[in-house]
Each structure stands twice: as structure tokens, then as C-alpha cells.
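Q: Protein chains in written order, with my numbering: chain A, 1 to 311; chain B, 1001 to 1549; chain C, 2001 to 2307.
For the record, the hints were derived by calculation from the structure and aren't laboratory data. Certain hints may be false.
As the list claims (entries may be wrong) - Partial chain C-side listing against chain B, Cβ under 10 Å, derived:
1. Phe-2065
2. Thr-2066
3. Thr-2072
4. Gly-2076
5. Gly-2094
6. Met-2161
7. Met-2162
8. Met-2164
9. Pro-2165
10. Asp-2210
11. Ser-2264
12. His-2272
13. Phe-2274
By construction, the Cβ of each residue, glycine as well, lies at the ideal position given by its N, Cα and C atoms.
Chain residues, written in single-letter form:
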Amino acid sequence: MKKYILKRIVYLLVTLLVIMTATFFLMHSLPGTPFDEDKISRLSAEQQRQIYAAYGLDQPVYIQYFKYLANVFRGDFGTSTLYSGQPVAGILAARIVPSALVGIQAVLAGLAVGLILGVVAAYRHNTPLDYLTMVISVLGISVPNFVVAALLQYFFGLKWRLLPVAYWESYASSILPSLALSFGVIAQIARFVRTEMLTVLQQDYILTAKAKGLSPAKILVRHALRNSLLPVITILGAITVNVLTGSLAVESIYGVPGIGSLFVDTIKANDYSTILGLTVFYSAFYVVVILIIDILYCVIDPRIRLAPAKE
Amino acid sequence: MKKRTAAILTLALLFSALTGCNSFTGPSGGGAGQASSGAAKATSVSLYLENEIPTLNQFAASDNIAFNILNNISEGLYRLDMNNEPQPALAKDCKISDDKLTYTFTLRDGLKFSNGDPITSKTFQETWLQQMSADAKNNYAFILTDYIVNGQEYSEKKAAADQVGIETPDDKTLVVKLKAPTPYFLSLTTFVPYYALDMDFYKKQGSGYALGKDNLVYSGPYMISQYDAASGVTLVKNPNYWDRDSVKVDTVSVKIIKEQSTAMNLYKAGQLSRVKLSATDVPAYKDSEEFITHTIFRTNFIQFNTTAEGTKNLNIRRALSLAVDNDTLVSTILNNGSEAANGVVPKAMSSGIEGKTFGSLQGRLMAFDAAKAKEYWQKGVEELGGTVPQLTLVLDDDSENKDVGTYLQSQFKSVLGIDVKLDSKTKEARRELMKTSKYQMGLNAWGADYDDPMTFLQIWTENSNGFRGNFKDTEAADGYAKLIGEAHAERDTAKRADLLVRAEKSLIADNAVVAPLYYMGSAYLVKPGVKNLVEPDSGILELKYTAVE
Amino acid sequence: MQGMELTEDLFVPAEAGAGEREKIARPTRSGFQDAWIRLKRNKGAVVALVLLLALVVLAFLGPSFTRFDYYTTDYGAIFQPPNAVHWFGTDKFGRDEWSRVWYGTRISLLIAVVAAALDLLVGVTYGSVSALLGGMADAVMQRVIEVLIGIPNLIIVILLMMVMPAGIGTLIIAMSISGWANMARLVRAEILKLKNQEFVLAARLLGTPDRRIILRHLIPNTMGVIVINTMFTIPSAIFTEAFLSFIGIGLQEPKASLGVLINSGFQVINSHVFLLFVPAAVIVLIMVCFSILGDGLRDAFDPQMRT
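Excised from the complex, chain A in its bound form (with noise of 0.2 Å):
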């Protein structure tokens, strides 16, 4: 196991190399640049050259390549263009802390929810309790996060003043968001798991546990459950990412100064160190998190094997 780690770390420097590459020169054809074109204008073109050499974007697009690789092996991720002179690193420092506590307190809240609905719905399958998780899953995925972030602001928030309507002041100013963004998850969590169960519940080793007498309890949580356990784990790594890097409609709503909307407002400025910044701890996070979810595969179900070759 410990050689298959190291070898995945492996992996994953080249594949951030790669996506790094990638985006750095697919960025750099994007269109505009990261000034203010139509006030540039107005300047001597000796004038618009210094400014572009200000930035080291008058020269050739490789070598702007390799000098960015260099500082990055420093340790040096650059300043940003749209956050005049803060550093690229700091930046992502601060704005990844808000969408992390609202982004885990989402996905934890959801996967409990989640699981006993689940659970519970493919244990009563085809009664009320079954239809009602449906209703629940649908209404999850189909109404969008913003809708939900609204109404729960305006209930919750304004009209019987039990929660913060906004900002980012307390601690108590992460429930509505965290709420908002559950519920897609929820709904994602407990079809998995309702459709999971549905064909491990007619396996013949869950009849052997019934006919040995274990109780419901006991059968669904320590046998049912953890062979239902597959897909979730998968979408989870999803989800994860997903929630965690923020969700830019919850938090513009709730005004939480996350990451979400970094990536949006940074492509469009073409703010190209924060741009790449970003791509790297997104991607990073994410094949990470692939990695820790491949080895709990392993975990949930020994009959996968991960390293060998085909029979």
C-alpha cells in the first residue's frame, strides 16, 4: 500500500504539471489583457510597452512560462493584477477559510441526512416514507441553491430574525449558507444510497444475517450500509470539491468572502497569477482528493484491488 501511495504522489506532481502548463498557455490566449484596455488606450505606445513590461508581458509567452515555473519552485506564486499588489498565496489563504467551514458543515450535514434517508427509504421501499425521500432528492437537484439560500435568508434572516442575514461576523453567520448548500447533497447522497441498498437488501448474505436473527438495526448499518457504501464515496469526492471550492451564488448571497467568486472575477480580469493559482489548488485538491477516495475503496470493499494488471 505504502509503494501505491508514493506512486500515486508521483502521478499527481506530473498531472498538476500538466494542468499547469495547460491552463497557463490556453490562458494567456484568452482575450483582453489585464488592463484596462480603453484607458491604455489614450497613452504613447512608449507609454503602453513600459506598462506591459511592468508585468513581464512583453515577453514571449514561453518564457513568461519558465520564469513563472522557476518562481513557482520557490515557493513564489506571484501577485495579483486585480488585487493590485496582494500576493497570489495570501490571497487564497484568506478566501479558502470561509468556503471551507461553510463547504464541510455542507457536506457533513448532508451525507448524515443523506445516509438515513437513504437508508431508511430503501428499507421502506414503495411506501409513503419511500416517496416522500423521492420528493425530498427532487426538489434537492432541481430547485437551484440560489433560490434556496434566498428563501431560507429571507425566513430565517430577516422575518423571524433567528439567524444572521449576511456578512461573515460570527460563527453563527455559516449556518444558512452551510444549510443552503446541504441540501444538494442530501438529495445526491440518499438516491445513491436508496438505490444501492435496494440491490444489496436482496442479496442472499442479508437473508442469511435475518435468518441468524440479527435485528433490522444491526443488518442495515453494519452489513447493508457498508456494501452500499461504493458510489457515495465516489460522488462524495464530487460533492466535496464542488462545495468546498465555494459556491459562488451562496456566498454572493450571504456575502461570505469565499473563494467562489475568485475564479469567475480573475478570469475575466485576466488577473493570470491569481488565475494559475487557483487552477493549482483546485486541481491539487481535487486529484487528492480522487487519491483518498481510490485507497477507501480498498477500505469498504477488499475485493478490489487497485495495482495488478488484468488475469
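Assemble the complex: chain A is given as a structure, and chains B and C must be docked to it using the hints.
A: Quick look at chains B and C alone, frame taken from chain A:
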């Protein structure tokens, strides 16, 4: 069991770490315009910005969001009062020479930055030189180099610092030499790039300057007590401000709120002093006593590319200009306090003549006229040999622009019977298209840098390019340039104003280079009791006169 | 037959000739025929299917029920609530909301179909091949997915928009780049679990080629996961399109999709809530139908739930 407890413990640790290292801002400065009881009545006002603060470095700031804050934590020679007139600020008066080329400012006594460093004439000189040099990243050098002797040469490194027309005979006297008579020079000094910065502090801070509240020093009505670029700032009254007795509010909290519906909820919850209304909210609140509208010196217009297929024909451009009904656009689509444009120069802008606005001298140019529009269109079609190529309008992808675009599309269809395509792009992509002249019509906007029509009218004579529709090298363009040139040199304000009026008519009516649409405006609800929450015509927040009753 | 005595002479040995031993009593049904029959029995799924077809019909014919089209503006009639003339009301430009909603449904359904097709064709194949091959091939294929997801999608979309005309076609291409990745991962996980099971071993021993193993044995057992995930990809695709169109990279005015209508409706939620409610209700309805249908399909295809 062990595995499970281990997992739970890790999660708990992760959780507390996250919660702990989160920079929660704590409860915001009270509420909207509240006065708390107690011996010293502390007053506070809560405002918001619609986007993150890009920077607080005066030399890097180039948009209004940054200026909104900088305007209140720093100060310059003069400051605009509530009637948009420049009043002495750090300078106590100014003597203007007879030839209008030399301005002698006398600074007040005892001026200090918040760290105790004195504010002297040298402070201004050093700050202005820095702004004019290539080190300033905000491309606002022109606001100084266009006017001050040898400024342009200094910025191109062709002149030394002591050759620039700024002299400091003593600590309290600042002498500025201008290249040409500039009636609006005093209002120029009320603009943030002209404000004084503590250059010693700036140099010592190096790359860390303005990154946090301790990386700044303050000379304005307020200081920063809390700063996070993504959440906002909290401003507190500056005890060292020379006019501190006039500042009536103790705390101003300025947060970042991107969603208008959230701002509305906060306003209703009493946590904001003022909220901007969306177009659809306006009818519901129009009659409330909290309702107020305000336009600023920013004009939105259609820029025609005078060298592109279709729009290179003058009659086609005239037809398109006349087909637009600015009044309907403003009242039905925008309905947010914006005003229908008469020309590119805002009506309320000074004409240069004392006491007279430009709007009093110039009526509506190219007003909506469906019949005439059709006439010109027919003429244009004939001149083009019977067919007009497909016309496309490029625009930014924000909702206001898209609404305007949809309106224009429908208007062109109903008046001229043509199908204009809309091409919405990201701002950078749209700019790229305009820069490389790959467009026929583009929606653009221009904001005033100072209170004089020249800030708008002269841009079509500068390095003429795609952004300005390639209006150059023709008899008409030369004629226009000549008018602007004469206006620059004209000392008589009445004659100058007349030249500018004629120039605008040439640009819009005779040559249809642009089709002005509206002056940007906003509609607000302001909590009763909050007074003098001023946004001068520049659109930059002015908090010095705000009071809470 | 109670109370009857069972004696030996009542029984006669059954004749089982050589051919008879191997005879299969039930007529053979292909997987699909079998599934279709099972689906028909599921009343809920049938209702959902009918509803869905009705929605599709409305999407194409709906606008023709009124004399309005989806793009003509009428500045004298903006923001009207639903009434006799405009059944769903009008939007901020005075355009008929009924026509716009059904026109938008057309586009959203198209997106849904494309997203689902991508998932099924590319995602399932990629994931199952990756899992079956295992080892180095699996490692490389997974890394490719990681790279495709790692490169910011927005950049690719903007670049595409520069080269190709804005519109639904470009959007679809943008979505195809990594929209199927989740499905690939899910299917791979399921197959990793299944491939070491006995029935696969048995099939291999019988000499079944890989392709048949995948199609006949592995995929039917992953049907549950496939169907559920497709059901989640659809709204995700619809809202991704809405987001892109909203930031200007997608449908141009006056075209609209349900997602775009919901976005615009949200802007006026405080004053004209019906503009948000109607398209949202349509999406929810579509999703409910897909969901029930999906469940029915899953039950129908699942070999383990054979009745």
C-alpha cells in the same frame, strides 16, 4: 472502533481549526444610523460596496470602488462640498495668477498624518511626482501630466524632477505651473490622484504598502479600523483631521455585498443605512420618503466603427442614432434613476462659464425621430447599392448592458425593420474586439475625471483608434479636432463653451460617431435621519458631511 | 386436492427425452424486451413517461397556442401577472412568458438529452474500459480525467466563444469536455467491485470476449448507479448552461432556456415572483418525471430484481 474514534477526532480537530482561524469580523458597527445612549453619543452609518476592494494603494487604484474608500481616508488641497464646488481642504486658499497659469496654494498650519508625520508642500510634490512617474500602476498619470508643465516629459523620463512645474518655496507654499489655462484645475485637485500621501511611510512599507490597515496612514476625515478586501472596511473618525469638528459620524462600516436582494434584506433588517434599488423595486418605493435618485457623470453610448462595413456609411449611422428612444429606455427598461442623454456631456456638468451648466447650452442631439430615421436609412441603403450587411452590436455581459442591448435590438426592428444581432462578451473580450476594430457597433461608457466637458469631448481626438470608432484622418475628424484644439487654447470661458457645444454637435449630430443613450444613475432608499450621504457627480462616496439625527 | 389419498399408482414417471432436458420453458426475451415489459408494469413510471412526452409536445407546440412569439417586445405591457391574454404573464420587456417558457423548455430539454447522451456514451464506456483494463491503462485514463477536470472550464468556454459563434452548439461542446467525468468515475468504481466476482470469472472461463462481458454482465449490474447519476447530470447541465448564459457566454438575447429564465426571474423575486416560479415549476416537473422514470428503468433493468 479505534478507526472510527480516530476519524471523529480528526474531523473535530479540523472543524475547530477552521472555526478558529476564520477571520470573523465581529458585529458590524451597530446598525443603520443609530445613536446609542450614553454620555458620548456614538453615531454610526452602514454602507456597502458591490464588489471587493481591489486595492487601497493610491498609485494602483483606478476604479471607483477603491476611490470610494481612499476619498475618505485621505485628503487633497481642495474637497468638493455638497454642491459639487471645490472648497479649501488641506490648502486654506489659492491665488491664481492673471494669466491663469500659476496656482499658489497656502497650506494650513499643524497638518499631520495619523502617524505624526507632517504634511507639507513637499509631501504634495513628492506624491504628484510619484503619480506622474512610470512606477504608478494606475494609468492616472495623465490627470497630472496633461496640465502641469513638464509633467509629460518627466513621466517619459525626458525631464528631471526639478524641471517639473511644481515648486515648494517653503513648507506651507505650493506653486503649480500649468501648461494652459484650465478653468477646472481646482476641481481636479479634489480628485484622489491629487491627494497627499506620506511618501516616507510609503517607501518604508515597500511591497507591503496598503495591504492591511496598519500599512496605511491617514489624513482624511476617517481612518480604517478594520480591513479585509473581501468583507469590507470599518472607518472611524480621524482625531487628527484638521476639520474634525465638522465630521459628525463616529463609525462607518462599509461591507461588500454583491447581491441586491441581500442588500434589500439587510436594509429592511435595519443593518444598512442605504440601499440601491433595482429597476423593478423602484415603482414600489417611488413614493416613499426614503426614496432618492442620483445621476453621476458617466455616459453610456453606442460607439460606431466609422470604418466597418455598414456603419461606415454616415446615413446608416444617422438612421441608427435617430431610431433610439432614450426616454423609453430610461423610463421602462432601466427605471433606476438614470437619465436620458442629450449628448455625451452630462446636463449637470459645468460649461466652464460660472454658474452655467452645459445642459443649459445644449439641447437634445439626435432626438428620437422614427420618420427621419427611416429616411436616412433609405438613403444609406441606396448609397450602399441596395443592401446593408448584417449589423452586430457587441456589449458587455452584465445584466444592465444586456437589457439595453435587448431594447436596442427591438427598437431597431420596430423602427427600421432590421434584425441587429447581439454579441455579448466578457468585458475583456469586448474591449479586445473594439481595440482591434473588429466591430460595427459597441456599447461603451465613459466616466468623467473632472467637472468639465473636455473630459468627454477630447477623447475622440486622442490616439484615435478602434475604441473611438476610428474617427480620424477625414475632413470631418480634422474639423472636430480643430474645434477641440481651439477650445484648449481659448481663455474666454464663453467662447470656449461655445466651441465645445459646436464640437459636441459635430461629433453626434453631423458625424454620428456615437449615439449617446443615458447618464448613469441610481435609485436609493436612505434611512430617515441619515443626512448628507452625498455622492457627488463623480460617483465617489463623500462621507465628510454625513450626519445622523 | 385435500383429503385425497396419495398412492403410488397415481404417479407416472415423467418423460424427458434428450431434447426435452435442455428445453427452456419460457420464450427467450432480450434484455430490452424484458426491461420494457417490467417497465410497463410500473404504473408510476408510465405516468411519468406520459407526462414527459406531454411536456415535450408542449415545448414544441406550446408557443403556437398563442399569437405571441418569444421575442417580440411590448413596452406598454411589461411585468404583467398571468392573465387571460398572457397566460403566464410578461417579462420586463413585455414579452409573452408562455411562449418563452416553452421555447426555453425546448432548449433545456436539448441540453438535457445531450448531457445524458454524453454521460451514457462516453462516461460509461470510459469508466468501464478503464476499470476492466486496470493497471497502467487505468492509471493513465484516470490521470487524463484529472487533467480535464483540472483545467478551468470557464477558460475553455471563453476561448471557444472567441473562435466559434455564440450559441447553443458551442455551449454543448464546452460541456462535453468534462461533463461525463463523474459518470466515468462512478462506473469505474462499480466495475472494480464487480470484476472480481464469481460470475465474471465464470463468463471469462466460458471464453466470453471482453466487450460482451461489459455489455451483458457488468453494465446491467451498474444500471442503478448509471441511471441515478444521469438524473443528476441533467439539472446540473441545465444550470451550468444557465450560469454560462448569464455571464454572457451562451445563449444570446432574445433566446432563453429555463435556466436563464430562472436567473432573470430571481432578479425580480421581490416584486414579480411568478417569473421565477413558472420556469422553476417546469424544471421541477421535468425532474420529477425523469426521476420516477429513472427509478422505473433501474428497477426494470436490474437483473437482481427479476420477478
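Q: Among the hints numbered above, which are violated by the structure, and what are their numbers in rising order?
A: Failing hints, ascending: 1, 2, 8, 10, 13.
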